[in-house]
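Q: Read top to bottom, the protein sequences are chains U and D. Residues in the first sequence are numbered from 41 upward in steps of one, following this note's numbering. Residues in the second sequence are numbered from 41 upward in steps of one, following this note's numbering.
Heads up, some of the hints might be wrong.
Partial selection, computed: residues in chain D whose CB lies under 7 Å from chain U [what the hints assert, rightly or not]:
hint : residue
1    : Leu136
2    : Cys172
3    : Ala195
4    : Ala283
For the record, the hints were derived by calculation from the structure and aren't laboratory data. Cβ atoms here follow ideal geometry from the backbone N, Cα and C, with glycine treated the same way.
2 protein chains.
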Amino acid sequence: MSGWLVVAGLGPGAEAMITPEVTAALAQATDVLGYIPYVARVAPRAGLTLHPSDNREELDRAQHALALAAAGGRVVIVSSGDPGVFAMASALFEALEARPDLYGLEIRILPGITAMLAAAAAAGAPLGHDFCCLNLSDNLKPWALIETRLRLAAAADLAMAFYNPRSRARPEGFARALDLLREVCGPDRLITFARAVSTPAQEIRTVTLAAATPGMADMRTVVLLGNSQTRRVGPWVYTPRSAP
Amino acid sequence: MSGWLVVAGLGPGAEAMITPEVTAALAQATDVLGYIPYVARVAPRAGLTLHPSDNREELDRAQHALALAAAGGRVVIVSSGDPGVFAMASALFEALEARPDLYGLEIRILPGITAMLAAAAAAGAPLGHDFCCLNLSDNLKPWALIETRLRLAAAADLAMAFYNPRSRARPEGFARALDLLREVCGPDRLITFARAVSTPAQEIRTVTLAAATPGMADMRTVVLLGNSQTRRVGPWVYTPRSAP
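Taking the hints into account, I'd like the entire structure generated from these sequences.
A: Take a look at the structure:
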């Protein structure tokens, strides 16, 4: 098999956050696959076929990419952020699991700047101590498990990053999550809403849990909750390196 | 104040993983500060003063950087990986807290590829579902808190990334962590040791907790523990996107 398959992270939005190894892979590609707005970030050129597809078609996309690479293509699946954080890398390996004939295919996962770290950098350093990273969508797991994880993470006094805080299908989930967090973390805990990070539309807002409302998050928002030590310094918010 | 201060992530080691915005900031800098091996990654040039310093001097380094920027310097503090993950960003804000006169200073935190995400990419997608990121060093927190967090994270069935698994000062800590994890996660749970990620010396090894030994980690290793669903597919290890 002479083809190869790369899953590449495009970072949160800014061109200046795309790593040179991702840029190099895209320059060699014959085929680029991905969710429509991510493929739209790749410049068309002769010899390159773009294959944009809809959200929630991750497995089909992964199967398609495997087939193209097995046929000799130089194939890049693009993800926003980092491909290993709630993105296409896991979907690819799920598809590969059904194709033992392709276990020898050349596959590389190229990391990218994931949204929570770009958001943390824009806000200061709210993830500067132990933290967890939770997907608040209940598309692929039961809502009860999300609540269990929130309670245990709060008991561990971890800072938290939330991906997909509000899904179109179940907008009430994030309201329930905020209620739960206010109950277990108290009203004064700091929470940062980071929207469209690293793009011209970037908005960063830090409030207390008492002041947080579900409408502060949308599909383009990553949410960062501080731990018990997280505080403001000047215009910034940060979590100290030490814990009592 | 005409100076500025940037805290920049150099990524885990490969030049091709340094973002263009970090490269651009380094090209404009008059002063670069950081831990000796990280400053050694910055090429000397006319007009640039390099200020390497020892580990565990983070606060002194941050204060020095603030003073240089306040005096008009274009100052970059370099971190390995991402500056917001167990690195210099929190130390900077801790130093800034004592200098309200400098709250108006231009400060930017530039994210980088953090070790756990480069390691996950090299191994497959072991962090492809909810996960936590814990610093196993007890330099800045009590060991009992580390054990509490390990137990709660296991109860939440989170995948886990461990930074600083073994400290020179307390090499027995990681052995205790492995014993605890074997007890609460069982012997078959997959664990990945990723050493010198993205450098020519990179070594990636995935074993079961039953087969894991403390000596598999050293100061250059980041450790990734799977959740209950994590499995092998061909030469890779991945965590499915869904949870039961």
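Q: Hints broken by the structure, by number, lowest first?
A: none
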